[in-house]
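J.: Chains B and D are the protein sequences, given in the same order. Under my numbering, the residues of the first sequence are numbered 329 to 498, in order. Under my numbering, the residues of the second sequence are numbered 63 to 246, in order.
Quick caveat, the hints were computed from the structure, so don't treat them as lab data. Using N, Cα and C, we set each Cβ at its ideal position, and we do this for glycine too. Fair warning: there could be bad hints in the mix.
[What the hints assert, rightly or not] In silico contact screen, one side only, chain D against chain B (beta carbon under 7 Å); selected entries:
1) L107
2) W109
3) F143
4) K148
5) A150
6) I151
7) Y199
8) L205
9) V215
10) L216
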Amino acid sequence: MASTLLVVSVFLAFSSLVSGDKCIGPQVKSDVYTSKEGPMSTQAVFIVEFSLSCKNNLKNLPLYAELNGQVMPASRAISSDKYQVSWSGEHKSVSSGTYNVRIYDEEGYAALRKAQRSGGDTSAISPLYTVPIPYSGVWKGPLVQTEFVAVCAAVLVWYLAHSTRSRLQS
Amino acid sequence: MAGGNKKLTKEEELLLQDFSRNVSTKSSALFYGNAFIVSAIPLWLFWRIHQMDPYQSGVIFGVMTLISTYLVALAYKNVKFVLKHKIAIKREEAVTREVMRNVGDDKKMSKKEKDERILWKKNEVADYEATTFSIFYNNALFLVLVIVASFYVLRTFNPTVNYVLSVVSASGLLALFSTSTPKQ
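Could you put the whole structure together from the sequences, leaning on the hints where they help?
T.: Encoded structure:
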């Protein structure tokens, strides 16, 4: 009886220690920014700013974000509980659609890295949270350049003047 | 011996005026005023689009505007002179009809006076129409040349060089084209 109680209490103690490092019931509030204009930027950029709240009130957890196989640590603001992570890519290689950013804690990150090194299936590792990024592509600029429109309008006016002059001189 | 000052008749004066390249003071003021305004248009283009600082480039802007004003006014005068005679021929019938409608029944006016009035009116109408058309034609051509030169031909050049070359080439070509004689 005493040994059973001892085992249960040790188990519960370890459980509490383990649950102290793991976020239970994670809730993420996120803001997403994606590039809107092609001519004004050399690359397409995704920026995700998010805050994590856990039911067990854990704070300042080291977090990692993964997008399209690229994993990086999420930067954490000193004065607030916000995290930020960003990606960039050539406009040509970033197509429109919805991208899913998977957020991992340290345990998940370690498992992910292990799976990536061994060539295993990374989608089997469940993230702490997933933030969807809807991306509709960038505006590539006007169909016709404005200077071309200006030249055409100026040439048209000149042509009218020239044809009137030719008629007068005939 | 013949000599001394023979006073010109009104008809001779009108004919001299007609065939002279000289413009009246009013026309000259109109030409230079318009030429200045048109020459100043590229300033806005280079200041706002090509991002030239107006204070740093003030001297260049001033000098090039004056040169361009002179060349554009020269083009106005040349084109006006060429067009005036053609317009006079085309408008002769209409002017004659209008003048005769006003003075045709006037018995006190001799035929010679009526003819002088027609000639004077024809000269006035042709002068005005040639002046305004010359300004319109040369402005249109100047703007085409400036836009093509600054946005296409000289686009890789430094903005200051672009401004100087596009304005001088546009106004220079304008003056050059205005000296061409029409095919007879």
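J.: Run every hint past the structure and note whether it holds.
T.: So, going through the hints one by one against the coordinates:
no.: 1; hint: L107; in the structure: violated (10 Å)
no.: 2; hint: W109; in the structure: violated (16 Å)
no.: 3; hint: F143; in the structure: violated (13 Å)
no.: 4; hint: K148; in the structure: holds (5 Å)
no.: 5; hint: A150; in the structure: violated (11 Å)
no.: 6; hint: I151; in the structure: violated (10 Å)
no.: 7; hint: Y199; in the structure: holds (4 Å)
no.: 8; hint: L205; in the structure: holds (5 Å)
no.: 9; hint: V215; in the structure: violated (11 Å)
no.: 10; hint: L216; in the structure: violated (12 Å)
Checked against the numbered hints above, the structure breaks hints 1, 2, 3, 5, 6, 9, 10 and satisfies the rest.
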